[in-house]
Each structure stands twice: as structure tokens, then as C-alpha cells.
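Residue numbers (my numbering), protein chains in the order written: chain A, 1 to 164; chain B, 165 to 368.
If you are wondering where the hints come from, they were derived from the structure by calculation, not from laboratory data.
Yeah, the Cβ is synthetic: ideal placement off N, Cα and C, and Gly gets one too.
There is no bait here: all hints are sound.
Partial pick of chain A residues on the chain B-facing surface, computed with a CB cut under 8 angstroms:
| # | residue |
| --- | --- |
| 1 | Leu-16 |
| 2 | Ala-21 |
| 3 | Gly-29 |
| 4 | Phe-36 |
| 5 | Leu-44 |
| 6 | Ala-63 |
Simulated restraints on C-beta separations:
| # | chain 1 | residue 1 | chain 2 | residue 2 | range |
| --- | --- | --- | --- | --- | --- |
| 7 | B | Gly-202 | A | Glu-6 | 55 to 61 angstroms |
| 8 | B | Lys-290 | A | Glu-6 | 38 to 44 angstroms |
| 9 | A | Lys-4 | B | Ala-355 | 24 to 30 angstroms |
| 10 | A | Ile-132 | B | Arg-356 | 40 to 46 angstroms |
| 11 | A | Ile-115 | B | Leu-192 | 47 to 53 angstroms |
| 12 | B | Ile-333 | A | Tyr-90 | 45 to 51 angstroms |
| 13 | A | Phe-146 | B | Glu-189 | 56 to 62 angstroms |
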Amino acid sequence: MEDKIEEEIREFQKCLKTYGAKTFHNLLGAFLIWLFGNLVFIPLASELNWQTRVTCSLIFFAAFTLLVLRALPSLKKLIDTFSIFPARKYGVKKGLSYEDSLVLFRNSLYMASSIILYLLYFPFLTSFHSSISGIFLILLLMLILFLTLRMLPILSRKILDWLI
Amino acid sequence: MNSSEEETVGEEREGKEKIEEFGAEMYLESAKALRQVGARVALSVFAAILIWVFGELVFLPIAKGMTQEFMGYPVHSIISFIIVVALAIIVFTVFVDIRRLTSGLAGVLAYHFGKVSGEVSIETYKNYRIALDGILYVIVVSLAYLLFANYLAEIHPAIPAIVLILIVIWGIFALWRSCRAIATVIGRYTARWAEELERRIKKT
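Let the sequences and hints guide you as you build the complete structure.
Here is the structure:
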């Protein structure tokens with residue numbers, strides 16, 4: 001067991017060395033573009049006419065998406081390997097098995113990052129049309145439901161223990 | 165204390181002295197830049213705002229009241245064009261001066277971050293400078309656009325939209341370049357963090 005954990009920590013270390021800077025670079029770029037787009041340029045374009053607003057939103061949306069897509073695979077790897085730390089620290093303490101707590105924390109981190117991603121996309125989507133953000137919200141809820149279903153068997157045992 | 169420990173303590177002290185020296189130099193450099201360029205930038209910005217105010221409140225209303233045309237162009241379009249050229253010249257000088265200010269500021273930033281991480285290098289200084297340049301340029305260009313937008317719309321309603329779209333495309337590339345500069349610094353931090361992690365694994 002200890003050997004396995006050590007191996008996983010080593011994997012995280014390797015992941016951090018290989019993908020850390022690249023992921024931070026892409027995410028930082030996406031965030032800067034988001035900030036300037038939503039706080040400076042899209043309000044400026046909105047003052048001119050709706051066509052300019054939509055064009056500017058589309059350009060920022062494309063740049064933001066490009067950077068997020070570049071960051072996503074490495075971010076997933078980082079989340080996968082990072083989740084061993086909270087799993088080891090909190091999950092095992094709460095009486096969960098290491099594998100179960102790993103699944104729990106991994107899926108929780110997926111959920112948190114997808115919610116953050118949706119919130120970042122929200123201003124772009126509403127500037128196109130409010131129904132587009134609605135469609136994406138439905139997709140996000142479906143993803144959350146799917147992730148919760150994965151976590152439910154682990155949590156249900158814990159909830160039953162707590163209730164009875 | 166054995167000789168090797170003494171050596172490391174000596175090296176650390178030397179490193180700290182170097183950082184302090186770099187910091188003092190950068191503070192002096194930025195103070196010098198601020199003294200030389202600061203007043204000029206403030207005056208240029210003030211002049212640009214004054215031209216904008218006079219154009220918006222005095223010259224354009226007068227020109228719009230005129231029905232005559234000059235070589236087939238309405239007078240208010242010609243007045244707007246003249247004001248745009250004057251503003252462009254002023255903004256360009258501000259751009260040149262800002263570069264000097266950012267180099268000093270980047271030095272101060274490199275010093276403060278270097279104090280935390282324990283190392284300062286010319287490469288980090290250059291990276292901070294590129295990052296600051298990019299972000300400040302995007303901010304200055306978007307502020308300058310606010311000055312130009314109304315006058316450009318007087319010449320032709322499509323011009324401000326086209327200019328804004330061009331600025332947006334340029335802004336994305338400028339911000340990307342800034343991020344790349346910061347990323348090299350971040351990369352160093354993540355590598356150090358990974359090394360620290362390795363050291364802890366070995367200890368346990």
C-alpha cells in the first residue's frame with residue numbers, strides 16, 4: 001500500500017514537472033484573455049452595435065476555447081495525480097478505503113473544475129444568446145449527475161452508516 | 165559548524181547581497197525613468213484629454229452646424245480626421261515613453277519576487293518586462309481607443325468597429341506573449357516544487 005502511494009506521489013511529481021508549467025501557461029493566458037475580453041473589449045464593442053459585440057465575443061470565445069482545450073488534457077492528468085493527496089489525508093481519516101476516497105476526490109475535483117469552466121464561459125455564451133448558456137447549463141448538470149452517480153455508491157454506504 | 169556549512173552560509177549571504185544590490189539598482193533606474201519620462205507622459209495624457217474635450221464640446225458642434233462641404237467631404241468629418249491625427253501623434257509618444265517606465269517597474273518586480281525565491285537573474289527581469297509591456301500596452305491601447313472612437317465614427321460609422329476588431333486580435337496575441345514570459349517564471353517555481361516533493365518522499 002505504502003509503495004503504491006509512493007509511486008503515485010512520484011507520478012504526480014513527474015506530471016508536475018512535465019505538464020505543470022504548460023498548463024499554468026495556457027490557463028493563465030485563457031484567464032487574461034477572459035479578463036480583458038469581458039471587462040474591457042466586449043463592453044466597448046457593445047457601445048458600437050450588436051454586430052461588433054458578437055464579432056468581438058466570437059474572437060475572444062475562440063481564443064479562450066483554444067487555450068482551454070490546450071490546457072485540458074494536462075489539467076486532467078494533474079487533477080488525477082493530485083487527488084491522491086486529499087484522498088490520503090482526509091478520505092482514509094474518515095474511514096473510507098484509499099481507492100474509494102480517490103474516486104470521491106477525483107470526481108469532486110472534476111465537478112469543481114467543470115463548474116468553474118462553465119462560469120467562465122457564461123458571459124461569452126449569454127452575449128451570443130441566453131438560450132445557448134441554458135443549453136450548456138443543461139449539459140453541465142448532466143455531467144454533474146453522471147459524476148454524482150459514480151460517487152453515490154461510496155457515499156451511500158457512509159450516509160447509511162451515519163443514519164443507522 | 166563545519167567548513168561545508170560555513171561555505172553554504174557564505175554563498176547564501178553573497179546571494180542576498182547580490183539581490184539587494186540588484187534591487188537598489190532597479191529602484192534607482194525606475195526613479196530615474198519616472199523623473200525623466202513621468203512628467204512627459206502626464207503632460208501628453210493631459211494634452212490628449214484637452215484636445216478630446218475641445219473637439220467634442222467645441223469644434224465638432226460648430227462643424228456640425230455648417231452645411232458647406234470641403235472637396236466633397238462634410239466639415240465635421242475633416243475636423244474629426246485632424247483631431248484623430250493629433251491624438252495619434254500624442255498617443256505614439258506616450259507609447260515610447262511607457263516602455264522606459266515599464267523597464268524600471270519590471271526591475272523592481274524582479275527584485276521583489278527574487279527576494280522571495282532567493283535568486284534574481286537578467287532572464288527573469290526580461291520576462292517580467294515582456295509581461296508588463298504586453299499588459300500595459302493592451303490597457304493603454306484600449307484607453308486610447310476610447311479617445312478615438314467618437315472621432316472615427318464621425319469619419320465613417322464602420323471605422324471604430326473595424327479598429328476595435330483589429331485591436332482585439334492584436335490584444336489576444338500581446339496577452340499571449342505576456343503569458344509566455346510569465347510561464348517561464350512559473351515553470352521554474354513548479355520545477356522547484358516538484359524537487360521539494362521528491363525530497364520529502366525520500367525523507368519519508
